[in-house]
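Protein chains: 2
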Amino acid sequence: MSSSETVDDEDTFKILIATDIHLGYMEKDAVRGNDTFNTFQEIMKCAKEKEVDFVLLGGDLFHENKPTRKALHSCIEVIRQHCMGNKPVTFQILSDQAVNFSNSKFPWVNYQDENLNISIPIFSVHGNHDDPTGVDGLCALDVLSVAGLLNHFGRSQSVERVEISPLLLQKGNTRIALYGIGSIPDERLYRMFINNQVSMLRPLEHDSDWFNMFVIHQNRSKHGATNYIPEKFLSDFLDLVVWGHEHECRIVPERNEQQLFYITQPGSTVVTSLSPGEAIKKHIGLLRVKGRKMQLQKIPLQSVRPLYIEDICLSELSHLFTPDQPMVNQKIQAYCQEKVEEMLDEAQRQRLGSPQTPDKPLIRLRVDYSGGFEVFNSMRFSQRFVERVANPKDILHFLRHKETKDGVKGQAHIFKHKYTVYRPSSDVLTLRVEDLVKEYFQTAEKSLSLLTEQAMGKAVQEFVDKEEKDAIEELIKYQLEKTQRHLREKHTEPTEERIDEEVHTLIFTVDLVCCNCVHQAISRAQAHRIQGQSRSAREDELDLSDEPSDIAMESDDDYKAPATRGRGSRGRGQPSKARGKRGRGNFTYITNSHLSCSFN
Amino acid sequence: MSSSETVDDEDTFKILIATDIHLGYMEKDAVRGNDTFNTFQEIMKCAKEKEVDFVLLGGDLFHENKPTRKALHSCIEVIRQHCMGNKPVTFQILSDQAVNFSNSKFPWVNYQDENLNISIPIFSVHGNHDDPTGVDGLCALDVLSVAGLLNHFGRSQSVERVEISPLLLQKGNTRIALYGIGSIPDERLYRMFINNQVSMLRPLEHDSDWFNMFVIHQNRSKHGATNYIPEKFLSDFLDLVVWGHEHECRIVPERNEQQLFYITQPGSTVVTSLSPGEAIKKHIGLLRVKGRKMQLQKIPLQSVRPLYIEDICLSELSHLFTPDQPMVNQKIQAYCQEKVEEMLDEAQRQRLGSPQTPDKPLIRLRVDYSGGFEVFNSMRFSQRFVERVANPKDILHFLRHKETKDGVKGQAHIFKHKYTVYRPSSDVLTLRVEDLVKEYFQTAEKSLSLLTEQAMGKAVQEFVDKEEKDAIEELIKYQLEKTQRHLREKHTEPTEERIDEEVHTLIFTVDLVCCNCVHQAISRAQAHRIQGQSRSAREDELDLSDEPSDIAMESDDDYKAPATRGRGSRGRGQPSKARGKRGRGNFTYITNSHLSCSFN
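Top line first, the protein sequences correspond to chains P and E. First residue of the first sequence? That's 1 in the UniProt record's numbering, and the numbers climb one at a time after it. First residue of the second sequence? That's 1 in the UniProt record's numbering, and the numbers climb one at a time after it.
Hint data in this document are derived by calculation from the structure and do not stem from the laboratory. Among these hints, one or two may not hold up.
Since copy identity is lost for identical chains, a pair holds within one copy or between any two.
[Unchecked claim] With a straight-line Cα cutoff of 30 Å, these simulated DSSO-like cross-link-like pairs (lysine-lysine) come out: (1) 105 <-> 48; (2) 105 <-> 28; (3) 48 <-> 28; (4) 45 <-> 105; (5) 105 <-> 87; (6) 105 <-> 360; (7) 360 <-> 281; (8) 50 <-> 28.
Taking the hints into account, I'd like the entire structure generated from these sequences.
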């Protein structure tokens, strides 16, 4: 039995997972203009065909913070077309919706609104492209949300701390706690994490029954020291993290061996840069959750304009040409042309039997011309492909690697992941504290402009290299006084809040770097690591950890037939009356426990 | 019995009429920012309380062509709040909705959509502020329309001709043919009218039963020769014209004695300029239509920020000050201050018992300082009123009238209409042909850049003043050849369509000005006028014309009780099935008959 034919029962949640749809990306382009709208249509059509319980989006539904009229119009059209109708929604929301949707003018899930006949609710966090702005703090998703077309969740009320109260969903015997956090600038969220300002509420009732999902839209790969969210920051009670923002499709869940959760990174559904990660086939996922078990079926998207990318390094093709050869440029051009033709042939082959796929692919040939070669006119080169390539203007990309040996090799379609699954080495926690201190200051410096780069660099250097215990502390104290003076004297309107905020940060910083504290923290971290190891011995209590074969691309024939229970029916009007009865669940606070151990 | 307590029966349409709501006007202003949203809320709340059958808007729902997120969000919120619910909609649409809403992705009225529970449908044409733009020809209303929140009608498919196919509405025994035309640049529409390119379809069945309404959003007052739509252009079969765009409230229907229809001009619901017309109390209307009778109840708006405006002419206050008096400036300032205080007192009085009315009014004092007086620092003057006036920056407006005698007089709150109701004089039709020819060329000149202003002015002068029959013709012929040459030779890409269009226009022009034609036209027009007089003898066949007392502010006690008929019920889902059965009604073409007589 193929996984798509899996028998789903009353206990099985079926969730369509997609992210980074970027509606409106290149919408003015004559060739690519409709790509994102077509793909959104394909995704929602798929949701309808698969009869999913809901659609879960990981942010960046829109490419522009202020989508054009066309983008908004198309989006609404597709949602109204596919997500409204008489199919009953058979799961319940147990959490307090007034909390989950506290930013909405209609703070309840759209399928329970008695004036809207929703068949497939969409839940989404916002991404960095469609994040809230302005005095009212509205984002593009809120326009959909106020129209009852989408349920925007994971919106943080405060910029100082994030408290994530999950949506508690129940279908038959399956319970999902759905956590989400809309995009926050990475450095700020990073700081909040190490600052113990991120907390997640966990339901006290049935605490071991919940399948805990978390949707996040942040850098997963390291862009600078604090400009990403390390996987290890995320709470280890989670079962599955849906990671948005990263465009490479890594949708097959990957296990983080330290945190003992899985991460699925669906990747974008449109190519927004001509980079290797985007050349990987685009997918969305059909996630089934039953009890604590999950299964993720990857669904290839047909309507996505494919990207073919190839690298050539001229200096490695010395059997074909050398820089001083006569007519070498013509020969190189002919060679490049041949390569492009090969990619176009490949595109043609791949497209067979997939009429939805756009006929003109995206093509990128990266030419490393180091070693004395010269660039040639790429515009004229591209002219030949105008009718067959979607990006004729930028097919060629010339680059020069200084170290030829380590340069990009001519391996088409094979790309190493920029990312590796985090595997803690024995000294990782010890190292981490130092890293964090270092990174923290870089963040603080950048975001608060409190510490000059030079002074900070020197102090950190001294702290790290020379174990000069007082270096940072002195700098901070000096800066603290200076900043307080500065704020009180120079600013015309220094609000007390602003001063407090900055002073608070500084005081925390001073506390943090107090050498004793740091050393204590390192000791605690090491102790914690030992605890962590003993905890991993209890892993087998979790369905997920002992049944890795249950995940990804496997059929779930081994699902046990549960006792039949009445399907939750949904009468019009009735659910909204029930709304008032939902009490706020009992929660316990979970903070980022690793870090609290390290620093408290 | 007051008009608001009128007993409405199954045959009575209740229609809330409003226009020029300008959502988002000054939304960034700290004081006035929410004015338009508050008033829209008031309007829709009123619609709900009055249990109207539908809301009819005359355009410019939004102030900006691309409304901000906040404006769109607020608008959707208000509509979802007030226009959705279980109140049944008890009128039917008999016309082919695929034609009425041909621009919509969901070409049927929102209240018949089985997935939306609409209690009060809104019908709107677009205004010049929220008109369609871009390749897709979408306007802000279309975003509401695709979300099922509003029914956008009156959209013309072509820029060359307008064919208005009415919405045919039936409630009990009452039938309304609702015509609408979204904003078109006045000069273009003017040209289309005189060019016989505007036609209105009339249902053949029950042709005498229909109450014919027309919603238009154009200049009603004359802004330049062809930069408005003369009332006389509108077909005389109409019963009521709802005129948007003009901001002065003239909501009490005014009878056009020539065309025998009534015009209601609701005016804007927000002050967008500090001009006398905007100082008139803002209203919306509750229109009742039963059979061919109508009654319009004007409803004052409470939430509108009022404008008080006063004029003073210093040279007329010689008993108080003369230019050469010592300290005259201080005295004038004190006098102005007193005037503003008086207006503020008046505002305070008017606001009593109306808590919804914003406390800070708009104040404008127009100071005519001609006669040797000097202006003074208006910024300093305004400083005193910052806390009490919504527009402290522009309270004072200094002006100087050259002819003091005809200057603006110090009559506060009494303003002559800029408009007069059109009353045809005996030679109006004869004159009109000449006017039209003149105006037509000005339009053609302006819009097509075919004729130089100078040459045209001279030719027209000769034609009009000196009866120099060949003047225009020669100019046109010369220009025709020149333009053809120009288009074919100079333009790099002269599309055949473009050439054809311009040539066609020129040929028409030549035809038109051919002296014989003009003279024939004048004769025909005179003949038509005679026909028109005999037609007016049949006026008494119309309910409307012989019962003017039935209109405006009158109670409709004299409504005859009709035979009871089944109330149109509206089950969910059922109407959308019925949709397919609606055939396209039988229509007859009505063109602007006056003009066709004149020019064909």
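What hints, given by number in increasing order, does this structure fail? Hint 8 alone not satisfied by this model.
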